[in-house]
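Novice: Read top to bottom, the protein sequences are chains A and B. The numbering used here puts the first sequence at residues 1 to 370. The numbering used here puts the second sequence at residues 1 to 107.
Read the hints as simulated data drawn from the structure, not as lab findings. Please note that a few of the clues may not be correct.
[What the hints assert, rightly or not] Pulled from the structure, derived: some chain B residues nowhere near chain A, Cβ distances all over 10 Å:
id, residue
1, G35
2, T38
3, D44
4, A85
5, E86
6, R93
7, G94
8, D95
9, P97
[Stated by the list, open to error] FRET-style restraints, in silico, Cβ to Cβ:
id, chain 1, residue 1, chain 2, residue 2, range
10, A, D253, B, M104, 46 to 56 Å
11, A, P48, B, G63, 36 to 46 Å
12, A, A189, B, R75, 50 to 60 Å
13, A, R327, B, F68, 40 to 50 Å
14, B, M104, A, T73, 26 to 36 Å
15, A, A2, B, T37, 54 to 64 Å
16, B, R64, A, P304, 44 to 54 Å
17, A, R22, B, D59, 44 to 54 Å
18, A, A2, B, V27, 35 to 45 Å
19, A, A224, B, D59, 42 to 52 Å
20, B, D77, A, Q138, 34 to 44 Å
We treat Cβ as the ideally placed atom computed from N, Cα and C, and that holds for glycine.
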Amino acid sequence: MAGVRVLVGTRKGAFVLTSDERRQDWQVSEPLFGGWEVMHLKGSPTNPDRVYAAPSGGWFGQVVQRSDDGGRTFSPVGNDFRYQGDPGPYQGHDGLPHPWAFSRVWHLEPSLTDPDTVYAGVEDAALFRSTDAGASWQELPGLRGHGSASQWQPGAGGLCLHTIVLDPSDDQRMYTAVSAAGAFRSDDAGQSWRPINKGLVSQGIPDEQAEVGHCVHKLALHPARPQTLFMQKHWDVMRSDDAGESWHEVSGDLPSDFGFPIDVHAHEPDTVYVVPITSDTFHVPPDGALRVYRSRTGGGEWEPLTKGLPQENCFVNVLRDAMAVDRLDSSGVYFGTTGGQVYCSPDGGDSWSAIVRDLPPVLSVEVQTL
Amino acid sequence: MTAGAVSGARPGVRVVLPAHLRALAGVDGEVVLDGPTTLAGVLDALERRHPALRGTCRDQATGRRRPFVRFFACREDLSHDPVDAELPAPVLRGDEPFLVVGAMAGG
Chain A
1 MAGVRVLVGT RKGAFVLTSD ERRQDWQVSE PLFGGWEVMH LKGSPTNPDR VYAAPSGGWF
61 GQVVQRSDDG GRTFSPVGND FRYQGDPGPY QGHDGLPHPW AFSRVWHLEP SLTDPDTVYA
121 GVEDAALFRS TDAGASWQEL PGLRGHGSAS QWQPGAGGLC LHTIVLDPSD DQRMYTAVSA
181 AGAFRSDDAG QSWRPINKGL VSQGIPDEQA EVGHCVHKLA LHPARPQTLF MQKHWDVMRS
241 DDAGESWHEV SGDLPSDFGF PIDVHAHEPD TVYVVPITSD TFHVPPDGAL RVYRSRTGGG
301 EWEPLTKGLP QENCFVNVLR DAMAVDRLDS SGVYFGTTGG QVYCSPDGGD SWSAIVRDLP
361 PVLSVEVQTL
Chain B
1 MTAGAVSGAR PGVRVVLPAH LRALAGVDGE VVLDGPTTLA GVLDALERRH PALRGTCRDQ
61 ATGRRRPFVR FFACREDLSH DPVDAELPAP VLRGDEPFLV VGAMAGG
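Using the sequences and the hints, build the whole thing.
Specialist: Okay, structure coming up:
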């Protein structure tokens with residue numbers, strides 16, 4: 001029987017939520033990595049039993065854990081992230097030059113073809129790869145070394161590489177996003193990189209159309225149309241139809257184009273989801289109403305999805321990695337909130353219900369279609 | 001022999017880990033390490049015995065103690081002592097434990 005496994009990273013541990021394809025009755029695991037902050041965990045597309053997790057904490061640093069039984073048990077693997085080369089310091093919040101130093105993993109992206117290969121986006125922003133199932137990690141130094149790294153500046157959350165998108169049609173092409181630097185593309189499997197930020201306009205930087213310096217929050221693409229990328233920027237929802245060579249705004253009639261996550265329907269390349277947030281001052285939904293917005297036109301025209309979501313007195317946020325879609329025939333959409341709720345819509349966003357309501361603040365949501 | 005000096009066979013250094021690190025190492029009680037006589041030696045031996053603890057007490061690249069980790073023994077804070085200084089004799093004799101402590105901080 002088909003089903004789904006939802007992997008939830010929270011401020012205090014991780015949880016695995018499982019259901020059959022109806023997605024009505026859920027089993028909730030005991031806390032995994034209790035007390036650790038789990039920025040992200042994600043399963044291998046080619047081996048669903050293989051799950052990588054990135055617990056960390058201010059006391060004992062970063063560990064990486066791997067499951068080979070679908071998230072029931074985990075074992076520590078390698079956690080030695082050493083930078084290669086020195087592109088020169090970056091400018092910190094204090095305006096002073098800062099040497100690069102590893103602090104934590106923000107995102108793990110398993111390979112689309114090899115369960116032993118996994119990428120890690122880390123703070124200070126860099127891209128690492130393991131080809132031995134997490135036992136050891138090597139930086140792909142071409143990203144920091146391509147020339148713009150000295151101009152990157154940390155966002156409020158730090159100088160972090162938080163998004164890694166692999167092109168399913170081209171094993172040489174991958175995308176990353178760094179806050180606050182922008183989006184980057186590699187066409188040689190991560191060896192060399194260049195910024196892809198033409199068309200982005202950001203009021204918070206001296207040159208609004210600079211090559212780098214943009215606070216990109218999240219990228220998404222649909223496997224059937226990999227040339228088309230969607231971006232939730234700090235402000236603005238953007239779209240590219242040429243693999244990031246140029247971008248145009250598709251915020252359209254959204255009530256706010258500030259937000260964090262963005263995702264694409266599993267079977268409809270033009271159906272896109274965002275969660276508008278009032279502003280970067282008020283990290284809560286407009287009017288205290290939690291609404292996912294769906295565009296069926298690839299952006300521009302958006303409809304609020306409210307059925308089953310709180311429409312008053314709701315002041316939670318939805319973070320960048322806290323939305324996912326499953327690949328069942330009736331594609332499910334999932335998101336988690338800083339209030340500890342994880343919502344599921346088994347009908348593409350038409351209706352929602354909470355799988356759980358009282359987890360620690362949710363940092364990430366991923367789903368495996370089994 | 002001076003007072004407090006070590007003589008004869010030692011039972012080993014008794015290391016008490018905080019809960020997070022016990023879970024990570026998969027141990028329930030103390031970890032007894034035979035051989036190390038310095039703080040660096042204890043950490044080296046601890047990480048050899050339990051590789052999952054690498055990077056949790058000290059940075060793997062720099063070797064520096066993580067800011068919120070402390071090392072206590074004999075009612076003293078050894079965190080700022082030279083890492084190659086000999087540990088107190090009661091620790092080496094196994095009479096007193098070597099405590100790895102996560103600082104009281106956070107929420």
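Novice: Take the hints in turn and mark each one as holding or not.
Specialist: Comparing the hints with the structure gives:
{"no.": "1", "hint": "G35", "result": "holds (24 Å)"}
{"no.": "2", "hint": "T38", "result": "holds (22 Å)"}
{"no.": "3", "hint": "D44", "result": "holds (15 Å)"}
{"no.": "4", "hint": "A85", "result": "holds (24 Å)"}
{"no.": "5", "hint": "E86", "result": "holds (26 Å)"}
{"no.": "6", "hint": "R93", "result": "holds (28 Å)"}
{"no.": "7", "hint": "G94", "result": "holds (25 Å)"}
{"no.": "8", "hint": "D95", "result": "holds (28 Å)"}
{"no.": "9", "hint": "P97", "result": "holds (19 Å)"}
{"no.": "10", "hint": "D253/A with M104/B: 46 to 56 Å", "result": "holds (50 Å)"}
{"no.": "11", "hint": "P48/A with G63/B: 36 to 46 Å", "result": "holds (39 Å)"}
{"no.": "12", "hint": "A189/A with R75/B: 50 to 60 Å", "result": "holds (56 Å)"}
{"no.": "13", "hint": "R327/A with F68/B: 40 to 50 Å", "result": "holds (42 Å)"}
{"no.": "14", "hint": "M104/B with T73/A: 26 to 36 Å", "result": "holds (31 Å)"}
{"no.": "15", "hint": "A2/A with T37/B: 54 to 64 Å", "result": "holds (59 Å)"}
{"no.": "16", "hint": "R64/B with P304/A: 44 to 54 Å", "result": "holds (51 Å)"}
{"no.": "17", "hint": "R22/A with D59/B: 44 to 54 Å", "result": "holds (48 Å)"}
{"no.": "18", "hint": "A2/A with V27/B: 35 to 45 Å", "result": "holds (40 Å)"}
{"no.": "19", "hint": "A224/A with D59/B: 42 to 52 Å", "result": "holds (44 Å)"}
{"no.": "20", "hint": "D77/B with Q138/A: 34 to 44 Å", "result": "holds (37 Å)"}
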